[in-house]
Amino acid sequence: MTQEHDAKSDDDAIVQIRNLHKWYGPFHALKNISLDVRRGEKIVICGPSGSGKSTLIRCVNGLERYSEGRILANGHLVDHRSDHLRLICQEVGMVFQHFNLFPHLTVMENCTLALTRVRKIPKAEAIEVAQHFLERVRIPEHGNKYPSQLSGGQQQRVAIARSLCMRPKVMLFDEPTSALDPEMIKEVLEVMTGLAREGMTMLCVTHEMGFAREVADRIVFMDAGAIVEEAPPEEFFGAAKHERSRKFLSQLLH
Amino acid sequence: MFDFPFMLSTVPVLLKAMGTTIWVTLVASIGAALLGFSFEIARRSGRYSGYAMRFVIDFIRSTPILVQIYFFYFVLPQYGVTLPALVIGVFALSLYYSGYLAEVFKAGIDSIPAGQFEAAKSLGLGRLDTTLLIVLPQMLRAVAAPMGNYFVSLLKATPYLAVISVHEMLGTALDIGSETFRYPEPMIAVGIIFLVLALTIAQAVRWLELRLLASLKR
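Which chain is which? The protein sequence lines are A and B, in order.
Take the first sequence: its position 244, counted from the start at 1, is 244 in full-length UniProt numbering, and no numbers get skipped.
Take the second sequence: its position 167, counted from the start at 1, is 167 in full-length UniProt numbering, and no numbers get skipped.
Some clues are possibly wrong.
Below, simulated DSS-like cross-link-like pairs (lysine-lysine); rule was C-alpha separation at most 25 angstroms, straight line [said to hold, decoys possible]:
{"no.": "1", "chain 1": "B", "residue 1": "Lys121", "chain 2": "A", "residue 2": "Lys145"}
{"no.": "2", "chain 1": "B", "residue 1": "Lys106", "chain 2": "A", "residue 2": "Lys169"}
{"no.": "3", "chain 1": "B", "residue 1": "Lys121", "chain 2": "A", "residue 2": "Lys120"}
These are calculated hints, taken from the structure and not from any lab test.
As the structure is a prediction and not an experimental result, all values here were calculated from the model.
Based on the provided sequences and hints, a complete structural model is requested.
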């Protein structure tokens with residue numbers, strides 16, 4: 001866009017968000033958001049509910065339309081030509097708050113569906129890939145079960161595996177542990193931490209500050225549709241610059 | 001007086017006609033389901049096709065089935081389209097019930113959580129794959145019972161085809177009546193056969209529904 005932004009932009013950025021605005025009718029949901037995610041970087045987006053965090057990451061893979069600005073994902077402009085968007089979605093994985101597994105398909109079928117239908121990989125090969133990722137999220141033995149037979153934590157791990165099967169360049173996590181019972185949060189976070197260690201580029205909306213502190217390269221704090229503060233975790237948790245961030249943290253941390 | 005042995009003697013003839021009734025019900029049910037599903041998918045696919053399909057569906061549902069049957073039977077030949085009465089009958093029943101099934105399917109698809117569509121999209125699945133592999137199976141589980149009701153209703157609408165001389169059960173019973181001047185026996189026999197058929201379909205649908213629900217809760 002402008003010179004200033006081109007100068008700032010990083011060639012290494014796998015996701016580039018520039019001057020992004022979104023309105024829902026008169027409601028200004030995203031206000032001039034610019035954010036770069038570099039290859040291998042882990043970013044945690046936090047903030048009070050209604051601050052636009054989910055809306056922001058849902059714009060990255062086109063689940064939400066933005067009103068102004070632009071997003072590049074792996075060099076492709078995210079717009080709403082459907083063939084174009086399909087291409088982007090093959091490179092950007094997403095994990096949802098409510099897992100969104102397909103209830104009529106087995107765990108294995110959930111994982112192989114996109115491989116066979118989108119990537120056009122032979123079924124036997126797709127099963128191998130899926131088995132590999134099911135092992136990686138530590139549920140190799142449940143392939144023939146249906147999602148409803150699994151616990152919430154297991155379902156979310158299947159959802160992560162399903163996404164990983166497509167070998168995405170970036171993973172988006174939209175409050176992946178918010179719908180889970182406390183004892184299941186840990187198993188999902190462990191999988192996510194493992195993923196981070198292996199170098200996956202991650203953009204996570206989460207309230208798990210322990211995870212953020214341990215894994216994130218940068219914390220992005222949002223409030224009322226705008227990015228208020230952007231800082232490495234030690235700085236953000238140790239000495240948040242803004243009053244709004246400090247207030248948020250004081251309500252969150254014990 | 002009511003002649004029971006005579007009624008029994010009409011049964012073999014009527015059972016032969018039952019073949020036509022069952023065949024028509026089967027083909028028209030499949031036709032209605034395919035058409036209805038296509039209408040509903042088209043209705044969702046864009047603003048203008050949405051308006052167009054809404055109109056088509058409402059039009060079909062708001063005109064009497066007998067008018068539609070007569071229309072295809074008498075009007076189409078005027079434009080050079082002559083089809084066997086059986087084909088016209090199956091087509092008219094398919095079309096009429098497609099309007100109702102489209103509404104049933106609408107409710108069924110509406111009941112699928114938005115997250116399912118989002119998950120499909122986020123995996124890069126195309127529209128056709130999403131419709132056939134994600135939407136259709138979940139919709140069918142949701143609508144098995146009301147859809148079955150319409151199949152029973154369609155079975156009971158097959159006698160309308162008697163008016164365009166399709167020899168299904170009612171037409172055959174009327175023939176027996178006009179040949180023998182005895183109407184009570186063939187009519188009662190037809191009524192009983194319909195009752196048995198309708199109950200059978202209803203039972204089959206119930207069984208199917210339980211199975212589908214069980215497979216979802218496995």
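Which of the listed hints are broken here?
-> Violated hint (a single one): 2; every other hint is consistent with the structure.
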